[in-house]
Structure formats: structure tokens, C-alpha cells
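Same order as they appear, the protein sequences are chains A and B. Straight run, no breaks: the first sequence in the working numbering ends on number 368. Straight run, no breaks: the second sequence in the working numbering ends on number 368.
Quick caveat, the hints were computed from the structure, so don't treat them as lab data. All figures in this text were calculated on a predicted structure; none of them were measured in a lab. From the three backbone atoms N, C-alpha and C, an ideal C-beta is built for every residue, glycine too. A portion of the hints provided could be inaccurate.
Once the Cα atoms are required to be at most 20 Å apart in a straight line, the calculated DMTMM-like pairs of lysine to aspartate or glutamate come out as [said to hold, decoys possible]: (1) A:212 with B:353; (2) A:206 with B:53; (3) B:206 with A:120; (4) A:361 with A:297; (5) A:206 with B:49; (6) B:212 with A:340; (7) B:332 with B:312; (8) B:288 with B:144; (9) B:206 with A:340; (10) B:206 with B:182; (11) B:206 with A:49; (12) A:212 with B:53; (13) B:288 with B:273; (14) B:206 with B:115.
Taking CB as the label site, the calculated pair distances span [what the hints assert, rightly or not]: (15) A:13 with B:270: 32 to 42 Å; (16) B:215 with A:70: 47 to 57 Å; (17) B:38 with A:354: 57 to 67 Å; (18) A:118 with B:354: 18 to 28 Å; (19) A:30 with B:186: 48 to 58 Å; (20) B:162 with A:168: 53 to 63 Å.
Number of protein chains: 2
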Amino acid sequence: METGGLADGRQIHYFNTAPGAGRASFADKRDLGGRVSAGEIRYDVLRDEWVAVSAGRSDRPTLPVACPLCPSDGEELTEIPAPGYEVAVFENRFPSFGGFGEPGPLPPAEVTGMENAAPASGRCEVVCFSDDHDSSLADLSPERVALIVRALAQRTADLSARGDVAQVFCFENRGVEIGVTLHHPHGQIYGYPYVTPQTRKHLDANKRHRAATGRDLFDDILESERGGPRVIAENEHWIAFTPYAARWPFEVHLYPDRRFADLAELPEEYIDSFAPLYLEVLKRCDNAYPGEQMPYMAGWHQAPVGEGREFGRLRLELVSIRRGPGKVKFLASSESVMGGWVHDLGPETSAALLQKDSPKGAL
Amino acid sequence: METGGLADGRQIHYFNTAPGAGRASFADKRDLGGRVSAGEIRYDVLRDEWVAVSAGRSDRPTLPVACPLCPSDGEELTEIPAPGYEVAVFENRFPSFGGFGEPGPLPPAEVTGMENAAPASGRCEVVCFSDDHDSSLADLSPERVALIVRALAQRTADLSARGDVAQVFCFENRGVEIGVTLHHPHGQIYGYPYVTPQTRKHLDANKRHRAATGRDLFDDILESERGGPRVIAENEHWIAFTPYAARWPFEVHLYPDRRFADLAELPEEYIDSFAPLYLEVLKRCDNAYPGEQMPYMAGWHQAPVGEGREFGRLRLELVSIRRGPGKVKFLASSESVMGGWVHDLGPETSAALLQKDSPKGAL
Chain A
6 METGGLADGR QIHYFNTAPG AGRASFADKR DLGGRVSAGE IRYDVLRDEW VAVSAGRSDR
66 PTLPVACPLC PSDGEELTEI PAPGYEVAVF ENRFPSFGGF GEPGPLPPAE VTGMENAAPA
126 SGRCEVVCFS DDHDSSLADL SPERVALIVR ALAQRTADLS ARGDVAQVFC FENRGVEIGV
186 TLHHPHGQIY GYPYVTPQTR KHLDANKRHR AATGRDLFDD ILESERGGPR VIAENEHWIA
246 FTPYAARWPF EVHLYPDRRF ADLAELPEEY IDSFAPLYLE VLKRCDNAYP GEQMPYMAGW
306 HQAPVGEGRE FGRLRLELVS IRRGPGKVKF LASSESVMGG WVHDLGPETS AALLQKDSPK
366 GAL
Chain B
6 METGGLADGR QIHYFNTAPG AGRASFADKR DLGGRVSAGE IRYDVLRDEW VAVSAGRSDR
66 PTLPVACPLC PSDGEELTEI PAPGYEVAVF ENRFPSFGGF GEPGPLPPAE VTGMENAAPA
126 SGRCEVVCFS DDHDSSLADL SPERVALIVR ALAQRTADLS ARGDVAQVFC FENRGVEIGV
186 TLHHPHGQIY GYPYVTPQTR KHLDANKRHR AATGRDLFDD ILESERGGPR VIAENEHWIA
246 FTPYAARWPF EVHLYPDRRF ADLAELPEEY IDSFAPLYLE VLKRCDNAYP GEQMPYMAGW
306 HQAPVGEGRE FGRLRLELVS IRRGPGKVKF LASSESVMGG WVHDLGPETS AALLQKDSPK
366 GAL
């Protein structure tokens, strides 16, 4: 990892397959003004959850003229000062969390009264997967995918050590159907100053399961799914399956075959074996409805940095709103307001669409 | 309420301002075949939640030729056999819950193992607000809105007595932006066989708050919001405000000034005073960005039928993904996968857009 700076003081990190690429030495020649900081987080008394308020983000550009994730090229100055790169990670210019320069405080563990706010500490980063604007994660080589995972692992370790990050979430949103406006292949990292609501549910469920059975819940899920009707792909270290109680029309969980708390704990051989399996899953997603790239959200569930860490488990979750050719599922009142989900296809039907042989012979 | 039957055995209820309209006497002359039942619910071990699997729904028509919510007219046979109506409620032909004819069992309170399913008991109903296809709830008279609320109250009472409904949710989805394909003004009712995840959070929060303070959480929220910067509208019995920790770009909560568990408990004068206030809120939403009807999801939070009922409170929540002129918020990985919300406008900014005087003088 080589670390450089951007014109407004943000950090940029280049991840290279060979040392000494010297990319961090290129200066950012733009005049960006001061750095933009996140706002605050507010405590939702009805849900016992923190919500970020990030008013500055509504002014962020929706369709920039030049792609800010391409390498800088002569007078065309972008977020990446170097003229080329493999994988680059930089602080988001319009962050929902952090951007204060120094780490901020964690929110209070106990709150009273109806209005409680704290600074939106933490960090938001952008992860560029390739300097080829027209590429896509699914088109990259296994070596590149492994380099991306190594970058995420390093960032997870670094953000976990900041002191104002309670949980690191690495994810990719892909597809205009889910509002992605920057088509350059990229992901993001959120270093939240709190443990997210979904993670708290998972930790609580595992805690209860261990107390009741003496076994780890994730081990039992793996044992139950392995060899079953919803397995999509597997190799020596990883298994990908649609879970029994899936809620998205397409939903794939990728587990390593044993427990790691987060990407920073993942051994080299697990990173290397993850890459081809994930590429196969992505190709199967794109082949589910021939001719239609599948929009998706894919994120790494990681154990929190502090309390509850021993109940967490690293795995990746990929979900899609695609529910048929040209059709997407909208999350309407039942899902959005009440959390009551309805699976329209049935988990086995959607798994079968991912299990079928590739019509293009691409697998 | 007059109750009739549809060709496949489903019930239809007509709500009229005057008795003896005789609408239920019109027979459904269609050949629909047998009734379509919901599938099952599956227990999600990682979240301690039930998820409905309703594979049959993916075959439901997306754009029927004739509107099924218009009254039947000669040879044009719809879901409403009568030639005209005020408010009509009928069982959804493609239900996510119920449709078995008789009430089904409630899911087990305790589950073990990794795969647990139960019948998707309960009920799904469609609520037609007017027989005028081109109308909209916001365009109706206060008297009609009050009749709709009376219909919802009656249905809440009836569904609560079934024995296979744990919670009744009455809601409206409006706008192509959130996937609504039937543009006839209508809402829906879900009688869930379980208490929804969001409601469980609210009940838990109130339970903790009462234990810690001796006061009701909803009373404290009302006291805190009243007279504050995010109040949108109020009258003798109701207050509408954007909450302190709102998460949707536009979010309005409408509370009665004292506690009712559900719509069935609401006194007549509260129903009559709700109607004009809600119409004002809807008009303010449509005026936030002139010329753009606001897509929204609006639902009544009601206390569960059984356990936890004493901690619940009736109120309406209206949320919108509109975040600017021609712009909508997409719920991407942070919200969808982790439950980590970011408010892009800021609750006070969005409240101010609803507080401003109507540019059309329509209020």
C-alpha cells in the first residue's frame, strides 16, 4: 500500500501487485477548497438505533462530466492523481461519516431524553477496482479480485484501529436500477461509529443460539445448507448458497468454511480461493436472465471491532431486486415500514436460476 | 358494511354513507377458477424474524387491460361486482398471507433447528377509496376520507378477531416510483400472522422506557415534538410532524393526542378530525416540489392483537423516497443490507419544505 494525499487533505491509498510503483508521488493539482465533513448522528428513540444526518450530500454531483474515478490524464484532473492504477482507495469527498481529519468521538453508550445527537464520526472511502472505466468486477481477473480483497482487508485493519469506528462495512452497489450514477467499477467502505442494526440482530441471534445449544449459529447454518438444494457454487474453502429464509428475489451468501471475524483475519489462501468462486457467482447472476446484467448490492458482514466481536462471523451477502426479465422488486410499505418481507419467487426457484448451466457457456 | 362474495369464494365488503345501498346483492359473473392461497412463512434464524414465501405472486398481472378496481360495467367484469361504490374492501386475489378460506394456525412461538416453516396464515385485503379511477386520496372529500378510516377500523376489528392474525397493518403505496402498477386510488390491509420486526422494536423501546422512567415513550415523543421546529400541521385532536431522527427524505408521523391501541378504538370525533388534517398533509407533500406528485408509502402503526398490546400506540407514518425535484433516494447497501440509514436532506430541511405556504394557494 502506498499512501498519498488529495488537494483537500483526504488520503488516497494505492494497492499494487508489485512494490515501488510510485503512484503516491503524483500530486493532486486541483483546487478543491476545504474538506467536506459529515454531519451528525441522531438517536432514534423508537428503534434504539442511530441515524446519520448528512445534509451536505444532497448537493453532491449526480452525473459529473468527467469520471472522477478514472486516472488523471493531463489536464483532466480526477480523484486519482496517478496516471494509472490497479486498485485505489480514497476518502469519499462527500462522506456520511467522518471527514473531520482526526478521529471523532464514539456516540454515548447510554442516552436519555428524546433528542440525542453525536458527531457522525467514522470514515467513508471509495474503492476503485480498476482504472478501466468500462470494466466491471465480474470481468476482472481472479488476481485482481484477490488484490481488491487484500485492499479491503488492509482498510478494515486500519479503520478498526482508528478508535472512532465500531464496525467496518465493505460493499458494492451495481446497476442503475438501484441508483448507481458512477459506472466506473467501484465499491465503498463505511466505517460506522455504531454497530449496525442488522449486525446487532445477528449477534443477538448467535448469542442466544450458543447459550441454548453450545454451538455456533453460523456453524449450524453452514452444516444445514451444505449439500442442500440452494447451493450455488463451492470450492475448497468457500460455499455460496441462497439461504432457507431468503428475503430478496436473488440472495446469495458466501461463507468461508470456518470462522474469521473479519477480512483482516482471512489467510492468503482463503483470499486466493475466494476470487474465482465469487467471479463464478457474479457470472451466474448475470446469466439468470440472459441479456440482462443483474443489479446487485454485495456487502461483507464483519464482526464489530469491540463488544460482541466474538459472536460475529465474516461472510459476504449479495442481494438483488431483479425478480424477472425486465422486472424489479420495489420495497413498499410492508418491507419498508414494518419490516415484513415477502419473497416473490421462492428461495429454491431463485437458487435454481443461478444453478443452471450458463447459456453462453461462460462458466 | 354490506358483505358479499366473489366468484372464487373471496369476500367483498361495501362501506356506504347511507344504509341499504344493496351493493352486495350484485353477483360476480366471472369464471375465476379456485381461489389462490398464500404459501408459507419461514423463520430466519439469523434475524429471529419470519419471512413470507409467496411464489405464486410472481405470476400476478402487472398491467391488466381493464382496471380491476373499477366497478363492473355491463360486460366489463372487475373485482367489484356492483355498478358503483363509495368504499369497497375485498380479499386480495394473490395474497401473501391467507387465502385458505378458514383461518390458519399461528406460527409456533418457539422454534429449533435451522429450517422452520408454517403456513402463511392471515389475510390480505384491497381497499378501494373511490370508484373514480382518475382520483387520488388527496383529492377526496374529508367525508370520504373519514369513511375510509371507518372501513379500516371495522376491518381491523374483524381481522383481529380471526385468531390467525397477530397484527393488522393498513397502508397505501402511491406512485410509479415505488412500483405501483394499479393507479386506481386504493390501499391495502395485511393481517400478519406474526408481530412485525419494526413493531417489535417499538414495543421493546416503550417497555424499556416505561421501566426506566415510569412514563410512556409515545407521550414523551409527543411532548418533545409539540411546538417544535418539525411540526407540519395540527388540529384539535391530531398533530403531524417530521420526527427528530427521521430516516426517509420526507417522513411525517401523525399522532392522535392520546393513546389508542388501534383504529378500532378510535372515537368518531377523532376519525372526523383526522380527515382534514391528513388531506392537508397530503397536499403539502404534493406541493413540496411544485408540479411533482410525491410518491409515498403511508401506513397505520397499530398495537398487536395479543402480547405486547399495552405497549403499542396507534399513529400513521408517511414516508417518501423523493429527495429533490426529479430525484429519488435508492436504498442501497448501507440501508438495505446493514440497516444503517443516512438522511440526505436533514429532518428540519425536509420539514421546512412541507411547512411552506402552498405556492398554489391550495391549502
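Is it true that residue 38 of chain B and residue 354 of chain A lie within 57 to 67 Å of each other by Cβ?
Once the Cβ atoms are compared, 22 Å apart, the range 57 to 67 Å for residue 354 of chain A and residue 38 of chain B is violated.
What's the verdict on residue 206 of chain B and residue 340 of chain A, does the C-alpha distance respect the 20 Å limit or exceed it?
15 Å, holds
Return holds or violated for the Cβ distance of residue 13 of chain A and residue 270 of chain B against the range 32 to 42 Å.
Given a distance of about 56 Å, which is not inside 32 to 42 Å, the answer is violated.
Just to be careful, I want the Cα atoms of residue 332 of chain B and residue 312 of chain B compared with a cutoff of 20 Å; is the pair within it?
Judged against 20 Å, a Cα distance of about 41 Å means the pair is violated.
Regarding the pair residue 212 of chain B and residue 340 of chain A, is the alpha-carbon distance no greater than 20 Å?
Violated. Residue 212 of chain B to residue 340 of chain A sits at ~24 Å, over the 20 Å cutoff.
Could you check the hint for me, namely that residue 30 of chain A and residue 186 of chain B are 48 to 58 Å apart, CB to CB?
For residue 30 of chain A and residue 186 of chain B the Cβ distance comes to about 56 Å; the hint holds.
Indicate whether the distance between the beta carbons of residue 162 of chain B and residue 168 of chain A respects the range 53 to 63 Å.
With Cβ atoms ~54 Å apart, the hint holds.
Given the hinted pair residue 206 of chain B and residue 120 of chain A, is their alpha-carbon gap at most 20 Å?
Holds - the C-alpha atoms of residue 120 of chain A and residue 206 of chain B are around 18 Å apart, at most 20 Å.
Taking 20 Å as the top limit, are the C-alpha atoms of residue 212 of chain A and residue 353 of chain B close enough?
Not satisfied, since the Cα-Cα distance of roughly 39 Å exceeds 20 Å.
Is the hinted pair residue 212 of chain A and residue 53 of chain B satisfied, with a Cα-Cα distance of at most 20 Å?
12 Å, holds
Keeping to a limit of 20 Å between CA atoms, is the pair of residue 361 of chain A and residue 297 of chain A held or broken?
16 Å, holds
Are the Cα positions of residue 206 of chain A and residue 53 of chain B separated by 20 Å at most?
8 Å, holds
Checked against the numbered hints above, the structure breaks hints 1, 6, 7, 10, 13, 15, 17 and satisfies the rest.
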